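Turn these sequences into a full structure, and let the hints guide you.
2 protein chains.
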Amino acid sequence: MRALTVEPGRPHSIDLEDVPHPPASDGNLLVRALALGICGTDREIVAGSYGWAPSGARRLILGHESLGQVEAAPEGSGFRRGDLVVGIVRRPDPVPCAACAAGEWDMCRNGRYTERGIKQRHGYGAEQFRLESDFAVKLDPRLGILGVLLEPTSVVAKAWDHVERIGKRSASWQPRVALITGAGPVGLLAALIGKQRGLDVHILDRVTGGPKPQLARDLGAVYHVGDLGALAPDVVIECTGAGNVVLDALRRAAPQGIVCLAGVSSGGHKLSFDVGDLNRTMVLENSLVFGSVNANRRHYVAAAEALAKADKDWLARLISRRVPLARWREAFEVRSDDVKVVLDFAA
Amino acid sequence: MRALTVEPGRPHSIDLEDVPHPPASDGNLLVRALALGICGTDREIVAGSYGWAPSGARRLILGHESLGQVEAAPEGSGFRRGDLVVGIVRRPDPVPCAACAAGEWDMCRNGRYTERGIKQRHGYGAEQFRLESDFAVKLDPRLGILGVLLEPTSVVAKAWDHVERIGKRSASWQPRVALITGAGPVGLLAALIGKQRGLDVHILDRVTGGPKPQLARDLGAVYHVGDLGALAPDVVIECTGAGNVVLDALRRAAPQGIVCLAGVSSGGHKLSFDVGDLNRTMVLENSLVFGSVNANRRHYVAAAEALAKADKDWLARLISRRVPLARWREAFEVRSDDVKVVLDFAA
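As they're listed, the protein sequences go chains Z and R. Throughout the first sequence, residue numbering follows the numbering used here, covering 1 to 347 in sequence. Throughout the second sequence, residue numbering follows the numbering used here, covering 1 to 347 in sequence.
Just so you know, these hints were derived from the structure itself, not from any lab. Predicted, not measured: the structure shown is a model, and the values here were computed from it. By construction, the Cβ of each residue, glycine as well, lies at the ideal position given by its N, Cα and C atoms. A couple of the hints might just be wrong.
In silico lysine-lysine, DSSO-like type, Cα no more than 27 Å apart, as pairs [to be verified]:
1. Z/Lys270 x R/Lys270
2. R/Lys309 x R/Lys138
3. Z/Lys309 x Z/Lys138
4. Z/Lys138 x Z/Lys195
5. R/Lys309 x R/Lys168
6. Z/Lys168 x R/Lys195
7. Z/Lys168 x R/Lys168
8. Z/Lys312 x Z/Lys195
9. R/Lys138 x R/Lys312
10. Z/Lys309 x Z/Lys195
11. R/Lys168 x Z/Lys195
12. R/Lys195 x R/Lys138
Which residues of chain R face chain Z? A partial, calculated answer using Cβ under 8 Å [to be verified]:
13. Gln174
14. Gly241
15. Lys270
16. Val293
If you want it as structure tokens, here you go:
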């Protein structure tokens with residue numbers, strides 16, 4: 001079968017290869033790939049700056065934003081042939097930390113998790129893959145190809161879940177205004193969940209063209225480029241990872257504000273600023289900032305519910321390009337009108 | 001009666017003045033001052049860099065770390081003559097924000113609170129003051145002079161309360177190691193509560209002499225100067241407000257770590273560092289940092305319980321100097337062996 005593989009650490013070693021069918025040890029469900037979402041982490045791995053091959057292997061099958069159809073499932077697994085499924089990305093270590101043991105592998109304390117398509121475990125970028133039923137999430141079949149948005153949605157479902165749980169430090173916490181920085185797929189999905197929670201949602205990005213401004217407006221969000229005026233959001237979901245945007249978010253949040261960092265920066269750029277002044281403001285205003293990565297099963301389930309409730313036409317517009325597997329190289333090109341690019345295994 | 005007053009904004013305008021007795025509008029309890037704790041905020045006000053006089057007044061009666069004895073209380077107030085009391089510092093605006101309306105004036109959303117001895121409301125640095133019974137906290141009479149530690153303890157009781165509530169974002173959160181930066185009174189009281197919660201407590205400070213190292217050790221905490229080695233705390237309570245210490249705390253915290261900023265910095269010093277790199281680490285490790293200021297009634301009650309459980313001899317050593325009111329100027333001198341300096345109104 002064909003699979004997209006890469007040698008982690010070696011730039012542009014990506015290729016479409018013939019690889020053996022997945023071993024039974026990968027899980028009790030045999031799945032035929034339908035689509036694979038491509039994200040910034042995939043591009044980092046392709047660039048050679050992130051990613052780890054499985055122990056003993058030189059190459060890694062890429063891909064963690066999966067969508068597939070069950071081809072074979074044992075009785076009692078809770079799945080059957082034809083089910084639309086998405087695979088969870090992270091797996092706990094066989095000797096789990098306290099968080100992983102509790103099913104919170106997204107909060108792993110010792111870093112010994114593995115991740116499909118990213119860290120020491122083959123990904124979902126293959127014509128067939130296997131999944132343990134405990135790490136498979138069944139989707140409403142009416143979602144179809146839109147199910148490929150489940151993994152990025154799970155990431156922001158976790159972000160919002162933590163915002164809500166953290167907000168309970170105060171009995172009177174009633175957020176009204178949310179700011180999402182970055183109108184990429186993660187930002188737009190964060191905005192979707194913010195709207196579903198009844199918040200007044202603002203999105204900040206740099207682009208004035210392409211589909212993003214209209215996608216934001218059709219969600220009922222306010223799209224901003226540049227100056228945010230006096231906007232003082234109760235919640236910020238930061239999806240750019242850009243140092244100056246992160247700092248602006250911290251300074252702009254309302255008293256008692258919660259800033260969630262959901263964008264992974266590349267680093268390497270020093271900024272000079274008054275840490276003491278920021279610290280003082282954070283203390284006097286009870287400000288809070290936290291990083292959020294990955295998602296556990298609870299968040300995938302919440303994400304599936306969020307997608308099921310969403311306007312399907314709007315979701316479909318998030319998938320700005322569907323690239324057939326045979327033309328896979330195009331999926332890794334960055335084009336100005338891209339939102340989410342998806343590799344289409346069924347085309 | 002005599003009171004310590006200051007003209008906010010005018011450096012070193014502090015003086016011991018004769019002022020009228022407190023008006024009945026200040027509250028239904030008449031209290032005779034026993035002691036007043038002096039802290040960094042008082043020194044900032046004395047230096048002219050913080051503080052606001054009451055509306056219509058030029059001078060502010062200083063002091064917010066109170067201890068007094070009730071001289072007169074109406075029936076049904078829950079207080080009677082002779083009770084040992086401490087006054088809560090903050091008051092909500094007559095038109096309260098949602099937080100203040102819920103009794104969480106420490107989480108005020110619009111900044112329209114007032115604070116006794118700090119912001120637009122006379123403080124407790126007078127031979128007599130009045131308190132509304134709703135803003136008075138009764139203490140176990142056996143605490144005696146140690147009751148003057150209640151206000152700074154309430155600040156760290158809030159910090160710990162929020163650490164615990166925020167930790168509930170994860171079902172598996174079980175902190176074991178705490179780092180307190182700064183061995184001033186707030187740091188040592190934060191360490192006390194950490195030990196009472198069964199944590200392995202480490203304290204970082206710069207001084208090797210004076211009473212602080214032994215106070216830390218007698219609490220069962222590890223006292224560090226300089227290098228912390230591989231220590232990766234689950235919780236950091238940052239009590240210095242120094243920019244570089246704040247940054248080190250953020251970088252050092254364990255995955256899923258919670259850093260509470262409880263030290264108010266003066267600002268004015270720029271630091272240059274890689275915000276993107278810190279952001280990336282915070283995202284990948286689910287790190288969290290929050291500012292915490294002030295305390296509400298619940299935290300004063302928790303603080304009173306913490307003091308009641310603590311070793312009284314150890315608490316007594318926190319009060320390193322007791323200065324009689326007549327020699328009040330000495331209380332504002334900074335001496336190398338100071339921990340908490342207290343103005344003694346009964347001497």
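Now for the hints, and whether the structure bears them out:
no. : hint                : verdict
1   : Z/Lys270 x R/Lys270 : 12 Å, holds
2   : R/Lys309 x R/Lys138 : 16 Å, holds
3   : Z/Lys309 x Z/Lys138 : 16 Å, holds
4   : Z/Lys138 x Z/Lys195 : 25 Å, holds
5   : R/Lys309 x R/Lys168 : 25 Å, holds
6   : Z/Lys168 x R/Lys195 : 25 Å, holds
7   : Z/Lys168 x R/Lys168 : 9 Å, holds
8   : Z/Lys312 x Z/Lys195 : 15 Å, holds
9   : R/Lys138 x R/Lys312 : 18 Å, holds
10  : Z/Lys309 x Z/Lys195 : 11 Å, holds
11  : R/Lys168 x Z/Lys195 : 25 Å, holds
12  : R/Lys195 x R/Lys138 : 25 Å, holds
13  : Gln174              : 6 Å, holds
14  : Gly241              : 6 Å, holds
15  : Lys270              : 5 Å, holds
16  : Val293              : 5 Å, holds
Of the hints listed earlier, there is not a single one the structure fails to meet.
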